[in-house]
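These protein sequences, in sequence, are chains Z and D.
Using the working numbering, the letters of the first sequence map in sequence onto residues 5 to 479.
Using the working numbering, the letters of the second sequence map in sequence onto residues 5 to 479.
Think of the hints as simulated: they come from the structure by calculation, not from any bench.
The beta carbon of each residue, even a glycine, is placed where N, CA and C say it ideally should be.
It is possible that some hints are incorrect.
[What the hints assert, rightly or not] Non-contacting residues of chain Z with respect to chain D, defined by C-beta distances greater than 12 angstroms in every case (computed):
#1 A56
#2 G168
#3 G236
#4 Q271
#5 L309
#6 R384
#7 D387
#8 A392
#9 E414
#10 E421
#11 D422
[Stated by the list, open to error] Derived coverage of chain D by chain Z (criterion: at least 3 residues anywhere in the stretch with Cβ under 8 angstroms from a Cβ of chain Z; other residues may be distant):
#12 117–124
#13 325–332
#14 348–359
2 protein chains.
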Amino acid sequence: MPETWANQEIDLHLELAGPRVRAGLETALRDAVQAGRLRPGARLPATRALAADLGIARNTVADAYGQLVAEGWLTARTGSGTWVTQHPVPARGAPGSHQPDITHPRYDLRPGVPDLSAFPRRAWLAAERKALSVARDHVLGYPDPRGLPQLRLALADYLARARGVTVSPSRVVVCAGFAQGLALLGQVLRARGATTIATESCGHPGHRLIAEAHGLGLISLPVDAGGAVPDGLSAGGLSTGGRSAAADAVLLTPAHQFPLGVTLRPQRRRAIVEWAVDTGGLVIEDDYDGEFRYDRQPVGAMQALAPEHVVYAGTASKSLMPGLRLGWLVLPAPLVDEVVAAKEATGGLTGSLDQLTLAEFISSGGYDRQIRHARLAYRRRRDRLVAALRLQVPHARVTGIAAGLHALVELAGPDSEDDVTARAARHGLAVEGLGHYRAAGQYAPALVIGYARPPEHGFTTALARLCAVLTGAPP
Amino acid sequence: MPETWANQEIDLHLELAGPRVRAGLETALRDAVQAGRLRPGARLPATRALAADLGIARNTVADAYGQLVAEGWLTARTGSGTWVTQHPVPARGAPGSHQPDITHPRYDLRPGVPDLSAFPRRAWLAAERKALSVARDHVLGYPDPRGLPQLRLALADYLARARGVTVSPSRVVVCAGFAQGLALLGQVLRARGATTIATESCGHPGHRLIAEAHGLGLISLPVDAGGAVPDGLSAGGLSTGGRSAAADAVLLTPAHQFPLGVTLRPQRRRAIVEWAVDTGGLVIEDDYDGEFRYDRQPVGAMQALAPEHVVYAGTASKSLMPGLRLGWLVLPAPLVDEVVAAKEATGGLTGSLDQLTLAEFISSGGYDRQIRHARLAYRRRRDRLVAALRLQVPHARVTGIAAGLHALVELAGPDSEDDVTARAARHGLAVEGLGHYRAAGQYAPALVIGYARPPEHGFTTALARLCAVLTGAPP
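Same shape as in the complex, but just chain Z (with noise of 0.2 angstroms):
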């Protein structure tokens, strides 16, 4: 075979030796093509031929080629070779998921995301094979639009005893993460003749996205230490004998405001669920983290107060993960089969096996469990975090209450968010202001800190990274 490495001309400054020859290769190929020194269409030399030139295993070579087919990067046709991919696919950030273009950071403090190193494979696998080991098979046809029967009981039931909510099974819908239950709110909102939502001033811009997709106006609600400020909600107010609502619906974070971090006082989710009452409008509360409460108890679903006028919304993408793309509705009577039409309309169905598992995983202790878990090691690292901030960045203060898998961090210094995150970026490490959320009104600069992103072993250079950031000293 004539066509060896040495053919192509192509530098690849391998470090050869030790347990990084794979990775070496892999970031030199990686590399090599994303320059365009190795050009779409280019024929790489065989396993064998490319292993022999460098002196190392075939496998190595192989498992190389591999992780790079898997990245799109190369294409593999069996008996015929590798290639350098025609059309790669340029890495994306999903929606609603804070991702930037900048591929992988080295260490990443934006928030929304859970440590992803810490969900529970082996447990989850566990419990699908002990869910598919019971299953009937008729479970595996065309899926109940509302979620499986079986989930939708085990959700009724952790909810009301973790959460608080006034449930019963026929009450859930499953949906497709919080963005998908979102959507379908928006769709029937929208044709029962709904024109507008009220949201936080500062939240996630994903979700103002969505209701605007779905034909909403939006007004915005400020937000101050006790949560957001309903007084926007009623046009006329009460001195007028009626109110005349300004919104339809209105969509909070109760039980811990995103990215503030604040609780919704309880005075405050009275008056919204008196207006609630009095103007039928809708309440939905984004109840994204509420397991997640470090000082005392958490505080109940305010759907509680309500039943028939707030839809509780949860997920399992901070509690597990998100590629899951599991969440879950609790919906006042009337609406629960405009939601699920709406549902079918577009489709949008989840598969039955993850359903099935999380279901078992729910009832037999294990998604406790992994919040227990959870709940403890993010407890102790925002301890860290204000611990460190307090030490090392005096100016820096964190606001909020101990909850959540993020915190806010008031930037006092002379520096704006974006002087912050560009000098973070420098130093590997992403951060994100307070900015990327805010949609009116004014805010302190400051940053939203994930602390909950970093896998363990990563998180103390994180934090040290971020304190040498805030202090403008090299990290």
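Place chain D on chain Z using the hints.
Only chain D this time, still in chain Z's reference frame:
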């Protein structure tokens, strides 16, 4: 503990010996709940007490309770016992699953669902374990809305090889079965100003509903022995020099028309592609069972004739199981971003675990193996169906090509479709008449027999009952 089973004064008629103890207990309890002998809210005896009463192992009781909790009849709370569920979830058919409200018939020959007992549970779990063992953590984060790169690569390779599709991974969008794929296309077509879609005059009613739900008007193409007649697509016609399109898009099942079972003639394929090129119309090729052809090599995808004008749509619903909710579109390049944007707006993303597993299952050859097994099994069943009918019901004629998971059985006798389906239902056999699928035009009365659906051990009896029902003899 004063509470024993005897206190409940319920006669269980239990068969208390041998391996059927648990099943017997389950059935007895289920019947008691269904019949109202155990009322909603009633507390069941503790497993220990009931086991002692009945002289059986406590685990047996716990297993039976667990099964009924999973089915929704009972509710368990840790530490406080087991109760009859207050609001049991009634069984309900999924959209497009062709399931009427009758609960699981004893024998089922309705089309649209493969043999669910043949889903390779063990191989699937093994593939998932392998995929999870090598997946990097970031794969568990928010997934790429186009589908995971691994899966798009595996699908591109498979579809090029097995179905002759012209494809690169960047043209593939993973979706939750064909229903979601069609809904996304409907949304994109509507946003582009399309008003009308042509469908086959006999076809899946759920697909017509999805198109209408997205604001598209329907026109029907007649179907004859050569497949859909494309004349209706062009309002003008060639003689007038230019064509003015009557439809903006057309939805077809070219490889194996559903439900009539014919193949689209080559000259019609070409005519439809020419229509698309001339008018800018879009062809949607629903290749729901293209892998299953028994007389010769499968006909390649129509998409390859004009990849920029034809959307190829495939699914794992027939090759694996509908519960996976996994399908794929191969799109003309300009449509990719619009379809992905529509998918993001609806939030209907597919979970990563099923995607990783399918990618591994395809790459390892497991998917091909599964299809080979199923093809052989279904081919035998079709042969047996044809032979049995020829022998026992000579007036019934099987039409359509030797392919797929269903056959059309024309009723030449005096009975209407409704007569036959009603008679079959009385004998525990579910069948479906062609009328269920007819949107326009006249077709000879027929049954659409889904011979793939029963489990292997139930096929012989299902077939015998079908023959008996068709001859009018008591089965």
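- Evaluate the condition: distance from the CB of Z/G168 to the nearest CB of chain D exceeds 12 angstroms. Nearest chain D Cβ is 15 angstroms from Z/G168, so the label holds.
- Proximity test - 8 angstroms, beta-carbon atoms, the stretch 117–124 of chain D to chain Z, at least three hits: holds (count 4)
- Quick one: work out the minimum CB distance from Z/Q271 to chain D and report holds if it exceeds 12 angstroms, violated otherwise. Non-interface label stands for Z/Q271: nearest chain D Cβ at 33 angstroms, farther than 12 angstroms.
- Exclusion check [Z/R384 not at the chain D interface, CB over 12 angstroms]: holds, 20 angstroms
- Is Z/A56 truly not at the interface, in the sense that its beta carbon sits beyond 12 angstroms from all beta carbons of chain D? holds, 26 angstroms
- Distal placement of Z/E421 relative to chain D, Cβ over 12 angstroms: holds, 23 angstroms
- Task: Grab the minimum beta-carbon distance between Z/G236 and chain D and tell me whether it stays above 12 angstroms.
- Result: holds, 26 angstroms
- Is the nearest CB of chain D more than 12 angstroms from the CB of Z/A392? At roughly 24 angstroms from the nearest Cβ of chain D, Z/A392 sits farther out than 12 angstroms, so the non-interface label holds.
- Message: Verify this label for me: Z/L309 is non-interface relative to chain D, using a Cβ-Cβ cutoff of 12 angstroms.
- Response: holds, 21 angstroms
- Item | Claimed coverage, the stretch 325–332 of chain D by chain Z - three or more beta carbons nearer than 8 angstroms | holds (count 6)
- Item | Distal placement of Z/E414 relative to chain D, Cβ over 12 angstroms | holds, 27 angstroms
- Query: Taking C-beta pairs only, is Z/D422 more than 12 angstroms away from all of chain D?
  - Reply: holds, 24 angstroms
Of the numbered hints stated above, none is contradicted by the structure.
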